[in-house]
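Peer 1: Chains as they are written, first to last, in our numbering: chain A, 1 to 238; chain B, 1001 to 1683.
In case anyone wonders, no lab produced these hints; they're calculated from the structure.
Possibly wrong hints are sitting among the right ones.
If you want the ones that stay clear, here's a sample from chain B, every Cβ over 12 Å from chain A, calculated [stated by the list, open to error]: (1) T1217; (2) M1246; (3) R1250; (4) M1277; (5) D1291; (6) Q1336; (7) A1348; (8) T1521; (9) G1592; (10) V1677.
Residues from chain A that keep clear of chain B, each with C-beta distances beyond 12 Å, as calculated [as the list claims (entries may be wrong)]: (11) L22; (12) T50; (13) F91; (14) E101; (15) E106; (16) A157; (17) D168.
Residues from chain B that face chain A, not an exhaustive set, calculated with beta carbons under 10 Å [to be verified]: (18) G1298; (19) P1589; (20) R1591; (21) R1675.
Built from N, CA and C at the ideal position, the CB exists for glycine as well.
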Amino acid sequence: MTDPLVTIQNVTKTFEHEGRSLEVLKGIDLQIDRGEMVTIVGPSGAGKSTLLHLIGTLDLPTEGRILFGGRDVTRLGSSDLAEFRNRSIGFVFQFHHLLPEFTALENVMMPGLIQGGRRLEGRARQLLDEVGLTDRLTHRPGELSGGEQQRVALARALLMKPQLVLADEPTGNLDSQTSSAVQSLIFDLNQRHGITFLIVTHSRDFAAMMPRRVSMKDGRIDSDERRPQPPENQGKPT
Amino acid sequence: MSQPRPLGFWAAVLCGFGILHGAAVLVFGATSPLWFQASIGDDLLWVRLAIAWATAQLTLALLSTAVLRRAAGLPRGTRGRARIMGLATTTGLHAAITTVSMGILLWAARVSIGHVLGGTIASLLFGLTRLAYSDLDLDWVPTLYHAATTLQSLTAALMVILGVSCWFLIPVTRRQRFWWGFDAALVVAFLAVSFSFPLSPVDGDDASLLRAVIRMTLTTVFALRFSLRAIGPLLSAFERIGFRTMVAARHLRAKKTGFLAASGTLSILAVAVSSCMLISVLSVMGGFRADLKKKILGNHAHIVVDRVSEEIDDWQPLLERTRQTEGVVAATPFLQVEVMVSSLSNRAGAILRGIDPETVSDVTDLAHNLTHGKLEHLQHPERILDSSIVTTPAGPIDAMIQGAERTAARGLPAEAKEDAMPGLIVGQELARALRLVVGDRVTVVSPRGDLGPTGPIPKTRPFRIAGIFYSGMYEYDMKHAYIDLGVAQSFLRSQGRISGIEVKVEDVERAPAMAALLASTIGEDGLRVRDWKMMNRQLFGALALEKLAMFITLGIAVLIAGFSVFGTLTLLVQEKRREVGILKAMGTPARGVIRIFVIEGLMIGSAGGLMGLGLGFVLTFAAEHFGIRMNPEVYYIDKLPVHLDPAEFALVGAATVVVCLAATLFPAYQASRVRPVDALRYD
């Protein structure tokens, strides 16, 4: 399929801070195809998270366009944006960011609830089952371990069957055992559901496993490597 | 279970007992003169009180010793040890003070026996604590008594505070079990009280008043506990409605940081107190208005038909036409003129009204308002003297003073001739000013007299008091006197004319429209038709203005409560910033975020509003049914009038909700402006 899922065209982002402007992104061009597994690596302050936020429409670029399936998402109105984020994007954050007052099941169901009353409880249960948390449904985030919380966040990101899941250091504060469990879960989900993943990570091991690795430095794309021979866990494009 | 539990069974009992006893002492202390008064002359009540008191002190002393010994055995630094020891010490001290002071008082009573002849223990004690018999060298007794009661109140207050703080040492599960027990007992008590105790007391019966108060108190506590129990299920119901109410209800339910929890509780209380105040004051103002309206309508007709400057001639057909008009219940003619009434001892100006005794009762409450005498005596003055013997006079002292005068007046040889004297009904205040009772003789001086050589000579005529009325309005009671219409016409030489017609209509509130209708149907040149609202426009206008001013002033209190809701919500938004960021990242539109916080604010507002209205209802209900006594010499009403208007409750509720809604808008807007990137960047 030649039609790319995300096209980033000459995107720059400048932050104003105490009267001085700080150019975080200095012209990014990037294409992500459907079903791809892309990782962004680079030193701190390279602009990885900012790029992720721009793609997820949590922030607007200073210049440039971001096309999602051919649609320019930088020009959407606020309610269209909300709708777009709800249906097409799934977020997994480093600090998982679950809602503390709600149970695991309710957290996973939340995007469906936001969307308007559809509870999608069956699908939420199924997803929690898939990430191995069948017996943690009624637990609050505070009663779950870090790895469990991250898996709940992953299940939540997948509830609305988004086309793209953005993950900002999903294994950032997990021990090596739980992070490899989460990693293999991500590969597994990509393989079975063909979901496109864009993952920012500091973990060399994780990055090394990814079929495509974009490395950033100082607000620019430094290199964009694709593995010539995809490993056995490369997702099949839909 | 490694840590020893500081609060044993007896300590828990002491805690509960301490709270109850402390509260009881505070209530008892505040009302002690009443108890003293009540127990004077009733030694049985006094003995009962003394036994209950002594038992309570003994129990407290035993409990506090036991608990103190156990608490002292606990290792230092155990959580709650200091509190329990404090409670036990305070309780012991309280019991000791009470016992010692009562002992001294009783000894003093023994010493002073004989100072109250035939008195009771209570009256003896009352004399000791209030007066101290100077010849007995016991003048230190009142000082001791006051010092002891002050110390008792202080220790009681301390007991309540320490008891409440010890209460939280009890494990949660036990506290829950206690509340279940408490609520079960409460339900039983509530049902029992609802079936056996009256809602409003019988007048003058203290026992029924006490029962009614107990019933209302229990019902209020029951309603309070019930609503507390209902909060959980209610929030759950909200959660099922939809996403926004679900998030809002969860936010309110979640354990918050201390300051926010305090702020939330305070804003609910602020809304409650201000709306309670507003509705109570409005109800009292409404009560005054209703009272005034009732009195005005009782004394005056709904509509008065008259001429501007002259009397009405040939009024019979006019009266007939008025009576036949649709919506008119009754009509009665009257003749009115200002006169001077003079008794043996005094004289006063009055408005003399000639009325038709047969039909006047259909229009005004005059017959109903008569406290002495009868309306029919106007037509049959010869019956006055027969009944005046059994009629109780207005006041015993008045009667004593006037007794001699009256017998002198009545003992006149020309009694047979005097029987022909026509009857006159006066108001209570006029009767008091002229020192009159039923059967007394007065002279009425009319300005419409004959023309003499030096100008008009006032015409006088003797009347006999046929009745005294009490309308509740000073102006009427002081200024009005009634006589038979025929007598008035001959006395005033009006040649059969009348001043006007008083009309009663079906619907009081529609009187203005009826007045217009009457004016068009019986319309005649120079006829004036006025309704009661028009005639008392200034009075009601002033009342309405006063009420509006009150509404605005107290509405500002509600507004300030709204500021508190504003503050709480701003804090809440700050605390939930990260969650708002998450919700927005997951695709909640700005509208949705606004609604979530508006719902939260409305929940706080309506909780406070409902509480305030409930409290206001209880207060006004109590004032209406139990009656808050007022000094009739000052206010001319014996109890505070209260009028519960459902429309006003709805208005205050709506105003509260609107204020809270307005208070939520800005914080909610702030929440909707939270950028997920900023909220999620750092944890």
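Peer 1: Starting from the hint list further up, note which numbers the structure goes against and sort them upward.
Peer 2: 2, 3, 9, 10, 12, 13, 14, 15, 16, 17, 18
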